[in-house]
Each structure stands twice: as structure tokens, then as C-alpha cells.
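Asker: Using the sequences and the hints, build the whole thing.
Protein chains in written order, with numbering that gives the first Met the number 0: chain U, 0 to 342; chain S, 0 to 239.
Calculated directly from the structure, the hints in this document are not laboratory data.
Incorrect hints may appear among the rest.
[Claimed, not checked] Think about it this way: if two alpha-carbon atoms lie no more than 25 Å apart in a straight line, the pair counts; the simulated PhoX-like pairs of lysine-lysine are: (1) S:Lys128 with S:Lys113; (2) U:Lys335 with S:Lys128; (3) S:Lys105 with U:Lys335; (4) S:Lys28 with S:Lys179; (5) U:Lys77 with U:Lys133; (6) S:Lys28 with S:Lys105.
Predicted model only: the values in this text are computed from it and were never measured.
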Amino acid sequence: MSDLTIAGRAALIALVVALLALPWIASGYILSVSIICLYLAYMGQAWNLMLGFAGLLSIGHALFVGLGAYASGFLFTKWGVPPVIGVAAAVAIAMLMGAIIGYLGFRFAISGVYFALLTIAFSEFVRILLDHAKFLGGTEGLFLPVTQASRRGVDLLNLRGWTEMYYYVILVLAAGAFLLCRALLHGRIGYYWRAIRDNPEAAAAVGVDIFRFRMFAVLLSSGMAGVAGVFYAFYYNNLFPEQVLGIERSIEITLAPIVGGVGTLFGPIFGAFVLTPLGELLTDFISHLKGWGIIGKDVKVDGVKLMFWGFTVALIVLLKPTGLWPWVCQRLHLVKPPGQRGS
Amino acid sequence: MALLEVDSLSKSFRGLRAVADVSFAVPEKGIVALIGPNGAGKTTCFNMIAGAMRPDSGRVRLGGADITGLRADRVCGAGIGRTFQLVKPFQDLTVLENVTVGALHKHSTVAAAKVEAARFLELMELGDKRHMHAANLTLPDRKRLEVARALATAPKVLLLDEVMAGLRPTETDRMVAVLKRLRAEAGLTILLIEHVMRAVMALSDHVIVLHHGEKISEGTPEHVTKDPAVLECYLGEGAV
Numbered sequence: 000m001s002d003l004t005i006a007g008r009a010a011l012i013a014l015v016v017a018l019l020a021l022p023w024i025a026s027g028y029i030l031s032v033s034i035i036c037l038y039l040a041y042m043g044q045a046w047n048l049m050l051g052f053a054g055l056l057s058i059g060h061a062l063f064v065g066l067g068a069y070a071s072g073f074l075f076t077k078w079g080v081p082p083v084i085g086v087a088a089a090v091a092i093a094m095l096m097g098a099i100i101g102y103l104g105f106r107f108a109i110s111g112v113y114f115a116l117l118t119i120a121f122s123e124f125v126r127i128l129l130d131h132a133k134f135l136g137g138t139e140g141l142f143l144p145v146t147q148a149s150r151r152g153v154d155l156l157n158l159r160g161w162t163e164m165y166y167y168v169i170l171v172l173a174a175g176a177f178l179l180c181r182a183l184l185h186g187r188i189g190y191y192w193r194a195i196r197d198n199p200e201a202a203a204a205v206g207v208d209i210f211r212f213r214m215f216a217v218l219l220s221s222g223m224a225g226v227a228g229v230f231y232a233f234y235y236n237n238l239f240p241e242q243v244l245g246i247e248r249s250i251e252i253t254l255a256p257i258v259g260g261v262g263t264l265f266g267p268i269f270g271a272f273v274l275t276p277l278g279e280l281l282t283d284f285i286s287h288l289k290g291w292g293i294i295g296k297d298v299k300v301d302g303v304k305l306m307f308w309g310f311t312v313a314l315i316v317l318l319k320p321t322g323l324w325p326w327v328c329q330r331l332h333l334v335k336p337p338g339q340r341g342s
Numbered sequence: 000m001a002l003l004e005v006d007s008l009s010k011s012f013r014g015l016r017a018v019a020d021v022s023f024a025v026p027e028k029g030i031v032a033l034i035g036p037n038g039a040g041k042t043t044c045f046n047m048i049a050g051a052m053r054p055d056s057g058r059v060r061l062g063g064a065d066i067t068g069l070r071a072d073r074v075c076g077a078g079i080g081r082t083f084q085l086v087k088p089f090q091d092l093t094v095l096e097n098v099t100v101g102a103l104h105k106h107s108t109v110a111a112a113k114v115e116a117a118r119f120l121e122l123m124e125l126g127d128k129r130h131m132h133a134a135n136l137t138l139p140d141r142k143r144l145e146v147a148r149a150l151a152t153a154p155k156v157l158l159l160d161e162v163m164a165g166l167r168p169t170e171t172d173r174m175v176a177v178l179k180r181l182r183a184e185a186g187l188t189i190l191l192i193e194h195v196m197r198a199v200m201a202l203s204d205h206v207i208v209l210h211h212g213e214k215i216s217e218g219t220p221e222h223v224t225k226d227p228a229v230l231e232c233y234l235g236e237g238a239v
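Answerer: The following block contains the structure:
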């Protein structure tokens, strides 16, 4: 907060007020789009913690989300374990998977692109495994029981209730992730992560245990993704391996931080709030085009969206490789230059 | 007893003997220079002492404790700070943040580490550049940054790998003065690789000469610069 200019503070306060008030002023449609925004902002934060802070590229983050979703979903459908308890199992299993990938990667010095390949490999491996796991529904899907009654009211223990409740839950998660990342980034660990990201050898030379701090980044990030999985399971109420763990999901998670600014704190949030509405507009536009007979009815919206995302990322990488957020920040003078800060 | 002892250290790369049976000792508060032509094995020696490379054979002891083959971060923990010949700044961090990472080795809070880091930046004449990104520094400034970052870990022994390269003579003299002061005031022990003879002569009380991975001479600066074996390896046979 002390690093913000007056304009920056005003923008932040306006944003917080708008986010808190949204369910009272917005339509159901806007609210559900906002839920997706906040979900991607939260996941973007978790993913950015690994790449942006610690320099570890994951293209398999849907794996951790999927494990969390399936763990909590299964416990709920099978034994009626409420998600408030199921989240512990979700986080544990996601972190266990993170620990396995991290251990293999860091012990055998698999870094950079090869580490990313490792995350993809594990993600696909688990997806195929889930395809064949009959007790989890396999390709037929796992369905969480929903009744009309459970769509009303607020039951936080069972994550059942109005859409507004889901909105506030993901808002709290996104805000919490932001504050957590902010605290970590400005603390000792953040310095160590960024040192490892920029030069592991030099970091080791000043006494940083790179294995330990890389491992911590992976564990934290995968655990956060596990929590997101619980939200995903109880918001959508149906889980299909292809839909939850497909590589498209993993790529989708990377988009908001890449567009907003890898390594920045607010970039993932900004990116999510730019990209998601754009995607919605695109979907709208395509259905109009179909209605007017300009493009065939059999064109798949998802395919067009993927092309659009690809194009967007290419543009960002070419024009603003550090992301949109640092540029917006500078343009609108939201943050004080380093020389004028308190410390 | 010597603070840092290197005992018949050897390292080969694919059959090529980079360092062969090298032994030397650095006394407490001593400043020892490691010199020799390019490819003599000086940096390999450093890397083995600092834990960046495992020696094939031989031992490294710090204050009597065996630190051979320890991981780089453990060696730092044992009390050895180092700089890299090919500088390795944390590119996207500011100059102050770079040194703060080093200072966090001894300070648990970022605020305290920053204060300490600022002190070493002043010492290395980088104070007014503390908010610049390390990527934007000139090479001599990056060398100074390497020294400041290593010093910030509060080492007992500082390994300096060609930090004077690219400095102007007056800057070299200032760096020499600072290092001497650190020895006098903080009791720092220094082992340095250096090609700038102006610095070697002014700074070191003992010089070790490596050639083709072997120690060919050692003694006071005056002694080694008159040693025929040393002159021969630098200037070629028949020069003396």
C-alpha cells in the first residue's frame, strides 16, 4: 500500500468496493463470468508463484486442480464428507503429487523446458489413469449430488447455496492468494525465490538451499491448486478427466499471468479480468456469426477460443513480454518509482 | 594453523588434468593470490573449494573442519563467500536486492538485511546505483556487485575471481584499499585469482602460481615475479 501513488490507492479502493458490491448490482450472467475471472486469478497466482517467483515452468497445473477436485468430490459423493474437511485431503494429495514431481525434477536436475515436460507427462498420466478409474466414474464422469434446495441459501460447510455464495468464496480465495503471495514475495523467501529464478548457481553461492526453496514453491503452488480443485468440484458439480485435467485447462491457467505479467503480483488478476470477458465476447460473437450464416454451425467455439488465446499470447510475447500490468501501472502512475518508496 | 587448507586437490575433465595435486594454505587474515596463465586451473580450484564442483581427490579444510565436496550453499554456511569470474548477478533484481539476498544469510528480516546490504554497496561505490536493475550495470560495476554480494554473507574467507578486470588503475587502487581495510577491521581472509599485477603486488602477502594445473611456484610477490619458472610459463622458454 505504501508503494502506491494516490491514483493507485484510489484504483485499489474502487476495485475492492466494486468486487464486494458486484452481486448486488450485476446480473446472474455477469456474476458467473466474474466467478471464472476470480477462479483464473486465483489459479494464476498459484501458477505465477512457481514460474514468476521461483522460475519453475509448469504446464500441468490442471493436474493439481484435478486431484483436489476428484479427492473432495469422491469423499463427498461416497461418504458425504463435507468439502470443509475434504479440502484437507485435496490439498494433501495435490501436494504429494507436487512433491513427487519436484523431487524428480530437482534431484535429477531437470530444469527449464524439461521440467515443464515433466509436469505435462504427469498430468496426462493421471488424466488417463482417471479415465480408467471406475470408482471415480471414469470417462462417464463423477457427479456431485445437487438438489433444488441445495441451490438456495448459504451452506458454507457443504459449499452449497446461491451463486452469490460461490462468488464470495472465490473472491476470498483470490484475495487471500494475492495477500499470501505478496507477503511471501516481500519476505526472505521471496528474495530467495527470485535469486534462484535469476541464477541458481549464484543463489547457492550466497547460501540458499535451492532444492529446499524450489520444493517449497512447488508444494505451496500445488496445495493452492488443490484448494481450487475443491471449488471447481462443488461449483460445477460434475467432473470429467478430459475436462478437468486436459492440457487445455493447464494452458488456460497460464494465460492470465502471461498476459498480465509473469512475476508481478497483480498481473494474474489483471490478466484474468482482461481475458475472461474477451473470451465471453468472442463466444457471443461466434454465435452471432453462426446465426447470420457467416460461419458453419458445426464450428466449435472451444477451437476458435484456443486459436484466439494462441494469438493473444503471441502478441503479448512479441509486444509486451513483461505483460500488460507493468505497462498499465506505469502509464497510469499507480505505483511509486523505487527511489521514492519508504525503504 | 591456516584457516583454509587445500590438500593435494585434483580434477580432470575427460582425461584432461585441469588441477593436479595442488596444495596450499591461506592463513587467517592472510591475502593470498592465485595467479597463472589462462587455463592454469585457477577457477577450477575455486569451484572445488566453493562446492560448485567436486574434486576427484584431495581435501579442503576450513578452520580444521573438512568441507570437501559439500554443496555450495553449505560451503557458504561454513564461512566461504565467493564471486564468479563470469559474473552472475540476479538480473531482474535491483542492485540493492542482489546484495540483500546475500545479507539474508546472516539476517533473518529483509529490513535488517537491506540496511546491511546498503552498507556494502557504499563500500563498493555502488550506493547511487542501488535502485538500478543489475542487468543494466557495466561490467566493472557488476564485478563490484559480485564482491558486495559475497561480502554481505559475512564470510570468514572471501574468494575473489578476477574482480579487478576492467577497472581503471585508480579504481583498482581503491578496491585494493577497501579489501585491505576489511582485513584490518573485520579480520577478513582473502584468496584471489587476479591477472591485474598492480593489484596482486599491492594486496597479497603470498602468491601461488599455477601452470597446466600444477603449482609451479609460491612465495612473496617479489619472490615469484623473479622466479625463472614463473617467467618462463608467462613469457615462454628462452625469455629468461
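Asker: Take a quick look at whether Lys77 of chain U and Lys133 of chain U sit within 25 Å of each other, Cα to Cα.
Answerer: Between Lys77 of chain U and Lys133 of chain U the Cα gap is close to 13 Å, so the pair holds against 25 Å.
Asker: Is Lys335 of chain U within 25 Å of Lys128 of chain S, Cα to Cα?
Answerer: Distance ~17 Å between Lys335 of chain U and Lys128 of chain S Cα, so the pair holds.
Asker: Quickly compare the C-alpha distance for Lys28 of chain S and Lys105 of chain S to 25 Å and report which way the hint goes.
Answerer: holds (21 Å)
Asker: Under the criterion that the straight-line Cα-Cα distance not exceed 25 Å, is the pair Lys105 of chain S, Lys335 of chain U satisfied?
Answerer: Roughly 30 Å separates the two Cα atoms, so the pair is violated.
Asker: Given the hinted pair Lys28 of chain S and Lys179 of chain S, is their alpha-carbon gap at most 25 Å?
Answerer: holds (10 Å)
Asker: Is it true that the CA of Lys128 of chain S sits at most 25 Å from the CA of Lys113 of chain S?
Answerer: holds (14 Å)
Consistency with the previously given hints fails for number 3 only.
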